[in-house]
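K.L.:
On the provided structure of chain A, position chain B as indicated by the hints.
One letter stands for each residue in the lines below.
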Amino acid sequence: QKEVEQDPGPLSVPEGAIVSLNCTYSNSAFQYFMWYRQYSRKGPELLMYTYSSGNKEDGRFTAQVDKSSKYISLFIRDSQPSDSATYLCAMRPGGSTLGRLYFGRGTQLTVWP
Amino acid sequence: DAGITQSPRHKVTETGTPVTLRCHQTENHRYMYWYRQDPGHGLRLIHYSYGVKDTDKGEVSDGYSVSRSKTEDFLLTLESATSSQTSVYFCAISEPGTSGPPHRDTQYFGPGTRLTVL
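In order, the protein sequences belong to chains A and B.
So the mapping is simple: the numbering used here equals the position in the first sequence, first residue as 1, plus 50.
So the mapping is simple: the numbering used here equals the position in the second sequence, first residue as 1, plus 733.
To be clear, the hints were calculated from the coordinates, so they are not data collected in a lab.
Among the hints, erroneous ones may be present.
Said to hold, decoys possible - Distance condition first, Cα-Cα at most 25 Å in a straight line; then the derived SDA-like pairs of lysine to any residue:
#1 A:Lys92 <-> B:Ser817
#2 B:Lys790 <-> A:Asn77
#3 A:Lys106 <-> A:Val161
#4 B:Lys790 <-> A:Ala79
#5 B:Lys790 <-> A:Val161
Unchecked claim - Here are some chain A residues the structure puts well away from chain B; computed CB gaps all over 12 Å:
#6 Arg110
#7 Ser123
#8 Val161
The beta carbon of each residue, even a glycine, is placed where N, CA and C say it ideally should be.
Chain A on its own, in the form it takes in the complex (with noise of 0.2 Å):
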């Protein structure tokens, strides 16, 4: 079993939707909490990070943690096709901030006009 499971989709949506993606996780270890985009042929590039549990906001992102479901969510409201893109999930645990991080594969996401 991977430590960080995540649906890899495709996912398709129409634009206006809430579109929400999700990960679990076995590591109980694990205190933060990354979601990254990643286009077509480029590098990810950070979206969201969390640090234990909670959600945090910004814009149309929200970013939910419950670590006693091992469970991580992102949702986007209002999804454009702009946002048509792999959300790839990723976290650590806590203490050093050396080393590797753990990802999921990704999940595809198309939002069509």
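P.N.:
For chain B alone, coordinates are given in the frame of chain A:
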């Protein structure tokens, strides 16, 4: 791409040949990383560096070596390329921080190198 360049951006080579990929950063970040990205596996860490001449193995380091002689450059070498090393390779950088904005210890990625081993 946070002041990170990778070269070459594309390479086709033959099995058994040595290959070196270069990552160059202008951010003066201490930590640098090499990942590979493959369908069905996501991003996997190959090697990382925590300073000049200080490197360590990641989860898929077999067949790869790295060197870091300057803060700004991190080289990934495939000593004898195999078809299983066909992949997209990403370099990432981060700056450690125990206080201040959380983004200080977040990894930022370069544009990637697409390597094909025939």
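K.L.:
Each hint: holds or not?
P.N.:
Going through the hints against the structure:
Of the pairs offered as hints, the one joining A:Lys92 and B:Ser817 holds, with about 22 Å between alpha carbons and a cut-off of 25 Å not exceeded. Pair hint B:Lys790 plus A:Asn77 holds up; C-alpha atoms about 21 Å apart against a cutoff of 25 Å. Between A:Lys106 and A:Val161, the direct Cα distance comes to roughly 23 Å. Compliance with the 25 Å bound is thereby established for this hinted pair. For the hint pairing B:Lys790 with A:Ala79, the CA-to-CA distance comes to about 21 Å; that is within 25 Å, so the pair holds.
As the CA atoms of B:Lys790 and A:Val161 are separated by approximately 39 Å, the hinted pair breaks the 25 Å bound. The beta carbon of A:Arg110 sits about 20 Å from the closest Cβ of chain B, which is more than 12 Å, so the claim that it is off the interface holds. Even its closest Cβ contact with chain B, about 18 Å, leaves A:Ser123 beyond 12 Å, as expected for a residue assigned away from the interface. No Cβ of chain B approaches the Cβ of A:Val161 within 12 Å, the least distance being about 22 Å, so the stated non-interface status holds.
Hint check: a violation occurs at hint 5 only; the rest are consistent with the structure.
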